[in-house]
Amino acid sequence: MKTIAKSRLNELLKALDKEYNILVPFKEESVSKFVPWQEGVDPYFEENTLLPPKDILFPQTEKMYGFKVKDKSVEIEELTQEKGQQIIFGLRSCDAYSIDCLDKVFLTKGYEDGFYRQKRENTLLWALACTKPQDSCFCESIGIDPREAVCADVQIYDLGEEWGFTARSAAGEELLQKLEGLFTDKDAEPLPVQGFSITVDMEGVPEKLANMFDHPLWEEVSRKCLGCAACTYLCPTCHCFDIAGSVKGGQGYKFRCWDSCMFSEYTRMAGGHNPRPSKKERVRNRFLHKLYYFVERYGQLLCTGCGRCLAKCPVNMDITAIIRKIKEAQQQ
Amino acid sequence: MSIDNAWEPKILVFACNWCTYAGADLAGLSRLQYPANIRILRVPCSGRVNPQFVVRAFLKGIDGVLVAGCHPGDCHYTTGNYFTRRRFLLMKRLLEYMGLEPERFQTRWISGSEGPKFQQVVTELVQDIKALGPNRKLRDA
Amino acid sequence: MNEISLQMREIARDLLSKNEVNLVLGWEKGSHWYKSAPLFINKVEDVDRLVFDEFCHNNLSKYLVDLAHHEAKVAIFVKGCDSRGINRLIQDNVIKREQVYVIGIPCRGLKDPDDAVGKKCGEPVKDAVKCQECRYPNPVVHDIMVGEQVNATARGQETAALIEKLEKMTQDERYNYWSRQFECCIRCYACRNVCPACSCRECIFDRAVPDWLGKANNLAENQFMHLTRAMHVAGRCIECGECERACPMNLPLMALNKKIIKDIEELFGENDAGIDPEKKPPLGHFELNDPEKFM
Amino acid sequence: MTNPLVPIRGKIIKVVQETPDVKTFHVSTIEGKKPFTPKPGQLAMFSLPAVGEAMFSITSQGPDHLELAIKEVGQLTSALHEIEEGQECGIRGPYGNGFPLDYCKGKDLLFIGGGIGLAPVRSLINYCIENRKDFGKLTVVYGARSVADLVFKEDLFENWPKVDNMEVYTTIDRAEEGWNGHVAFVPAYVEELGLKPMTTITCGPPIMIKFVLQALAKMGFNDKDVITTLEMRMKCGVGKCGRCNIGSLYVCLDGPVFTLEQLKKLPPEY
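Chains as they are written, first to last, in the numbering used here: chain A, 1 to 332; chain B, 1001 to 1141; chain C, 2001 to 2295; chain D, 3001 to 3270.
For the record, the hints were derived by calculation from the structure and aren't laboratory data.
Remember, predicted model here, so these are calculated numbers, not experimental data.
Under 7 angstroms between C-beta atoms, here's a sample of chain D residues computed to sit facing chain A:
hint	residue
1	Asn3003
2	Ala3050
3	Arg3233
4	Gly3239
Calculated lysine to aspartate or glutamate pairs in the DMTMM-like style (CA-CA distance at most 25 angstroms, straight line):
hint	chain 1	residue 1	chain 2	residue 2
5	A	Lys68	D	Glu3085
6	A	Lys68	D	Glu3031
7	A	Lys208	A	Glu220
8	D	Lys3023	A	Asp71
9	D	Lys3034	A	Glu112
10	A	Lys132	C	Glu2123
11	C	Lys2018	A	Glu220
From the three backbone atoms N, C-alpha and C, an ideal C-beta is built for every residue, glycine too.
One chain only, chain A, in its complex shape (with noise of 0.2 angstroms):
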C-alpha cells in the first residue's frame, strides 16, 4: 500500500491540482459538501457530506442548449461543455455505488446521455474506506462494503496516523505511479468498521415487493409523507428531472433540473390526469422504484443504505422501518 503522513495531505492534493480540478468534503456552518479544493479548504473527513457528490456529475440545473428565435425562426446552439478532468477526493462507499447507479441509468439501456457521459468520462473516483459509520448509516445491509468501493480507481484508507491508497484501476493506477514520489510503501492494515447502528434484512424483499402494489402497508406508511422533496434531493441515486426553458427577447435556453416524485405536478398530465394523484401512490413509487422496480431493470438496489433521508426527513419517514414492514407483512 501506498502510504502519505495525514499531515502531507496538503502536498498530494497540491500535486494532484496541477492537472485535476480536486473536489473534497468540506464543512462550513451546519452544511457539508464536495467542492473543489483549493489552497486553504481543509478537506472534512470526520463524517459522510449532507450532500452527497451527484450533483457533480448530474448538477441540480444544467443547461443543455441554447436558442434563438426570431419571427418563424428557430436556431438551436449546442453549448460547448469544460471537458477538464476532475477527481472526486474522499467520497465513501455508499456513494461510490451512487455513481454506479446513476452510470447505468444514464449510459446503457439504448441511450446515452451525453451531459452525463461527458463529465462522468473525465471523472475519478478515489474513494475513502469508512471506519465509522454514523448513527443512520446502513449501507452494509444493503450489501455494500464499507471499504471497498464498487467504480473506485483508488481506494484511500485510513491508517490513523497516514492515509494509505491502493489502485483499483488502470487509470488509478497510472496516477499513483506518477505521485510515486510523495509516497512510502508499506504492509500496513487499515483500520476496522465499527459497528452500525442500524441493520435491515433485505433478503427476499425485492421478489416480495413484486405481489405488494396493492397493499394496505402503503397508505399507512405514507399518511405522515408532506410531499417535500428533502429525501430525493439529498439522495444519491435519485435522478429524475425535469426539462425547462428560460427565454428573454427571442433568446434562451433550454435546461435540466432535478425533479422529485414526491411532488404532485411530477406525474400530473396536460389533460389534468394524473396517474399518481395522492401521496400514497407517490411514496409508493419512491419505495417500490428503489426497492424493486430499479432493480428489476438494472439488477441492484437504488438505495446505498447512507441514511441521508432518514437523518434529514422532516417527519423521519425511515426506509429502513418501511423495509422491516414489508417483511413482517402479510402477503394479500
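Please build the complex by placing chains B, C and D on the supplied structure of chain A, with the hints as guidance.
For chains B, C and D alone, kept in the frame of chain A given last:
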C-alpha cells in the same frame, strides 16, 4: 458591452385605475413633462398588487417599483388602499432587511386631480433610482 | 415510560373505543432515540405506540389541512406552539373547531435532534433553538389538558440576536448574508410543506401556468420563493419554528419570520397569530390611523 | 447529433385543421427532408423552444415529412395552434417501441379509435395500406363526440373506403342534423357490429378504452391480440428522467404500445 454610460432606469408604476391612473392621465393632458423611464401598469386597486408582483418586477429587470393608489378614505372600493398601506409598509421593511435599497420600492397616494403630484413623484423616483444605479440585487441574471 | 405518554395512551384508547373520534394524531418513537415522528392512529391496538418526549417536534396541526374533509372527528395532541396552528386554521376557515378534539400538552421545551446525533441516550443535548424564545408553552386551545401548566421562560436569544445583528449591518452586508443563505436552498419545499400557515390548495410555486416561479435552482428564483413565502405567512406565522427545523440546509428561516413579526408589532401593535381566533390577522384588517411612514 | 436530448431544427411545412381543436402539423427538417423515419406507433418530441416541449405520437409520414395530429389542451399545444406554416421548431426522436408489425403481418386487423385517439392508430393503418398485400382484411371503427370532432375526415370518407378489402365504420356520440351515419358510443358500436375475434389495435380516451376492453372480452377477443398505446407525461423520451414509469417499464422506451396481456401484469398506474 458598456451599458452604464447609456443606462436609463426602468421603473414600473402600479397605478390604481380610479385615482393614480387618472392622475397620470391628467399629467399627460396638462402637458406636464416627466422622465420616460416609467412603465405604467394599471390595476383595479392598489390593493390588487401582490407582494410577488413587486419581487417579480425586480427579478425581470426593473430598477424601481412604485405602487400608487387613492388617498386613504377615497378608495373606490372603500377600504382597498388601507390594506395596501399595511401590506407594503411591511414589505418595504422586509426588502430593506434583505439588503435592497429602500428607495427602490415606494408607495404613494396620488388622486385623479393630482397631475402635478404624479409628475413630481415619478420625477423624484427616477432621480433617486438614477443615483442608485441599476438594480443588481434582485435580478434574474 | 413517562407519565404524560401513559396518560396520552389512556385518552386515545378511551376516545377510539367510545368512537368519539376515528383518528388520533400523535407522536411515536422514530429511527433513533432522538427522533420522534408523527403517528396516525385509527385502531385501539396502536395506542401504545404513542409517546411524548423532548423530540416531539412535529406540529401535527399541519395534517388538519389534509383532513379538512375528514368524515368524522379527529383527536390531536398539541404543544403550546402547535395549538396556535389550530386557531390559525380555524381563522382561515380551513377547519372547524368542532371537527377536532384538542388534547393539550404543556411543553417544557424540546431538544435539538441534530445536536444529539452521535450521542448516547442520556447524554446532554442542546435545547432546540425554536423553543428558546417560546412565549406560549401552554396550549391556547384545548378540550382537555395532559400534565401541569408550565411557566414561559426564555432560555436563549439566538434568533433575536441574529435579527439584531442583521439590522445593524449595512445594506450590502445584509444582501450578501441572505444571498449566501438562499444560494444554499435546494428548493425541496420542506419549509412550505411542514408549515401550518401554508394551507393553499394549490401553491403558486407549483403552478406551471402562470409560471411565477421557474424550476431552475438559482439565486433569483430562490429569492423569489423565500420572499413570497415570508410575505405569505406574514401575520399568520405561529412561530412553531418547524420550517427552520425541517430545512435540510439549515437556512435561518425564523430570522425572516420573526423579523416580520417584530415589524408588525412595531407598526400595528401587538399581534400573536393564533392566540385569539376572533382577532383578525394583521394584514387582513386595518386601522384608519395606521402609520404612513413611507409617504 | 451526439446528444439525444438536443433536438434538430425542424420546420412546419403544412397545417391542416382537422376539428375545432385538432390540427395536423407536417414537419420537415429545415433542409426539407424527413427528420427521421419512425415505425408506426412511435413518438416524436416536438418543441417550440420559447414555449415548451412535449411528446406526440406520429400519425403518419410522407417522403419528406412527419405528421403530428395535436389537440389543444395545454400551454404548448395552445401556442402550437396559433402558429402558421413556415414556423421553425425543434424535433427529436423517434421514441418508443411502435406497433408489433411482424405480429400483425398476414392477419385480419381491427382498428378501434375514439376522438384524437385515431392519431397513433392511423400510422399503422397507413402502413397496412402501403403494404396492402402483407395484411388481411382491415376494419376501422371510429367515433367522436360530434361530426365536427371527427378527425382525418378525408381518410375516413374518401381514401380508406376505396382500399381493397377494407371497411370503415364511423359513429358519433349524439345524433345531429345532417348526419346520416351511425349514432352510438364506440364500445356499443363495436359490440353491435358483432365482429369475430381478431388482432385489434385501439386508442382513445381512458373511459372509452375501459368499455372497449370490456366489450372485446365479452366477444371473446384474446388479451394478447388486443393492442393499445398509452400516454404519460414525458420529459426526456429516452428512459432517464423517470416520470413515465409503469412499474419498472418506461412508456417512452418500452411503450407506448402494449398488449392487454402485458398491461394486466403491470401496476394499474397510468
